[in-house]
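Chains as they are written, first to last, in our numbering: chain G, 149 to 392; chain E, 149 to 392.
Don't take every hint at face value.
Heads up, simulated SDA-like pairs for lysine to any residue below, C-alpha to C-alpha not over 20 angstroms straight-line [stated by the list, open to error]: (1) LYS341(G) <-> GLU228(E); (2) LYS339(G) <-> ILE157(G); (3) LYS214(E) <-> ARG194(G); (4) LYS214(G) <-> ARG194(G); (5) LYS339(E) <-> GLN254(G); (6) LYS239(G) <-> GLN187(E); (7) LYS272(E) <-> LYS214(E); (8) LYS339(G) <-> SER232(E); (9) LYS360(G) <-> LYS360(E); (10) LYS341(G) <-> LYS218(E); (11) LYS360(G) <-> GLN254(G); (12) LYS339(E) <-> ARG220(G); (13) LYS278(G) <-> ARG319(G); (14) LYS218(E) <-> ASN183(G); (15) LYS272(E) <-> ASN183(E).
FYI, nobody ran anything at the bench for these hints, they're computed from the structure.
2 protein chains.
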Amino acid sequence: MPGIEKLPIEETLEDSPQTRSLLGVFEEDTAAISNYCTQLYQAMQRIYDAQNELSAATHLTSRLLKEYDKQRFPLGGDDEVMSSTLQQFAKVIDELSSCHAVLSTQLADAMMFPITQFKERDLKEILTLKEVFQIASDDHDTAINRYSRLSKRRDNDKVNTSAVEDVYTSRKKQHQTMMHYFCSLNTLQYKKKTALLEPLLGYMQAQISFFKLGSENLTQQWEEFLGTIGTSVQNQRAGRTAKR
Amino acid sequence: MPGIEKLPIEETLEDSPQTRSLLGVFEEDTAAISNYCTQLYQAMQRIYDAQNELSAATHLTSRLLKEYDKQRFPLGGDDEVMSSTLQQFAKVIDELSSCHAVLSTQLADAMMFPITQFKERDLKEILTLKEVFQIASDDHDTAINRYSRLSKRRDNDKVNTSAVEDVYTSRKKQHQTMMHYFCSLNTLQYKKKTALLEPLLGYMQAQISFFKLGSENLTQQWEEFLGTIGTSVQNQRAGRTAKR
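Please construct the entire structure, taking both the sequences and the accompanying hints into account.
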């Protein structure tokens, strides 16, 4: 399919069975997009929630390590090597939790925001317009019915005029809401690809930044830090052995 | 504090107030370690659960993208560019979810396993031994009381002998359980540093592997892939413009 299909807005005035049939196809397509996007939205919401929880849990772990010095351990509470090692762990894990927090923010902005907008604004707008159009169609049907019943006994000019006016205004209303509804359905066909691709690109960019941030800044620091721990553990062992 | 403090096992037979007072200090230290480790265990469990959830949610997102082709979209369902783009997203996100799964496994083995063992085996053993020692002490006190009451009226040799035997066996039992309890409390002093450092080192190693795996394998593929998307989106745009 090379181009994007359109509902013919110029056909809304005639409102033929062919137009209604085409509308049915667009409505079915919209329902399928809406269903698929909602599933994707839920999966992305799970990723986002899990990422936030991971960020919070990592931060909590770092905080607990920082609080090691404040614990009251009657024995060996003043072990400086242990204490400074845990402080270094706390620092590095805190940096990692900052990376997670940056990732969370990026996911919020570049993934959750566009897909939520599409779901809550574009898809909801179509549902609202569908209802409005349904009400306008029903009102029009009622006016037509009233008019056709009245037209058999042409006795009351005032009632007749009122019925004709009703048909006119309800027809106009239906035409307007139908054009509006068609417009929204057509716009959705243009938006649907972006709606899927934008949050995915946002997700990928956020992950790439996260891996870059993590591997460039943190791992180098970590290797140095793990080297330091290794040295201090060895020193402690040597000290203990010498004292025996 | 250079060395590690010890409860003197050779003093368990005499069981002096000084020894009991020192035992109290060790019990207080053990309670503090237990409390701190439990908090750290809970924070690590949160990290682990969040990591598992993130892994599962990422996998679900990849699966949803793979299922795009199976969706029934009445309009534009046979758009090959969109379809292949989403399949590539699915593939890359699936690889990312594999990295997350590897991280989950490493966290399970190198972080959760050692801290769970320490909490469920070492710390629980001490609680059990404390109870056993308390029961043996109570039994011993009962036997001593019975003996001291009997000794005032030396009329029944059989009862006397039984009371002496009771004091002997309960004293022996109490001595044995006290030695066992002291041993465990001393062992904990040796284990407590490893118990804190081992899961933290496991966590760090797992994170380093994750960042290496992610940045070395994935990001290069991703950059190529994002380049490909850029090109195909441009081609699609150019095609659409040419057709107009």
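For each hint, the structure was consulted:
Proposed proximity of LYS341(G) and GLU228(E) is supported: the alpha carbons are some 12 angstroms apart, at most 20 angstroms. Our distance criterion of 20 angstroms between C-alpha atoms is met by LYS339(G) and ILE157(G), whose separation comes to about 18 angstroms. A hinted pair counts as satisfied when its Cα atoms are at most 20 angstroms apart, and LYS214(E) with ARG194(G) qualifies at roughly 18 angstroms. A C-alpha spacing of about 30 angstroms is found between LYS214(G) and ARG194(G), which places the hinted pair above 20 angstroms, so the restraint is violated.
Note on LYS339(E) and GLN254(G): the hinted pairing is violated, with a Cα-Cα distance of about 42 angstroms set against a maximum of 20 angstroms. For the hint linking LYS239(G) to GLN187(E), the alpha-carbon distance of about 18 angstroms falls within 20 angstroms, and the restraint holds. For the proposed pair LYS272(E) and LYS214(E), the alpha carbon gap of about 48 angstroms is over 20 angstroms, so the pair is violated. This hinted pair checks out: LYS339(G) and SER232(E) have alpha carbons roughly 18 angstroms apart, not beyond 20 angstroms.
For the hint pairing LYS360(G) with LYS360(E), the CA-to-CA distance comes to about 10 angstroms; that is within 20 angstroms, so the pair holds. With a CA separation close to 16 angstroms, the supplied pair LYS341(G) and LYS218(E) stays within the 20 angstroms bound. Taken as a hint, the LYS360(G) and GLN254(G) pair is honoured in the structure, with Cα atoms around 14 angstroms apart against an allowance of 20 angstroms. Distance check on the hinted pair: LYS339(E) and ARG220(G) sit about 18 angstroms apart at the alpha-carbon level, within 20 angstroms; holds.
For the suggested pair LYS278(G) and ARG319(G), the alpha carbons sit about 16 angstroms apart, so the restraint of at most 20 angstroms is met. Note on LYS218(E) and ASN183(G): the hinted pairing holds, with a Cα-Cα distance of about 13 angstroms set against a maximum of 20 angstroms. Annotation: proposed proximity of LYS272(E) to ASN183(E) holds, straight-line Cα distance about 12 angstroms (limit 20 angstroms).
Hints 4, 5 and 7 from the earlier list are contradicted by this structure; the remaining hints agree with it.
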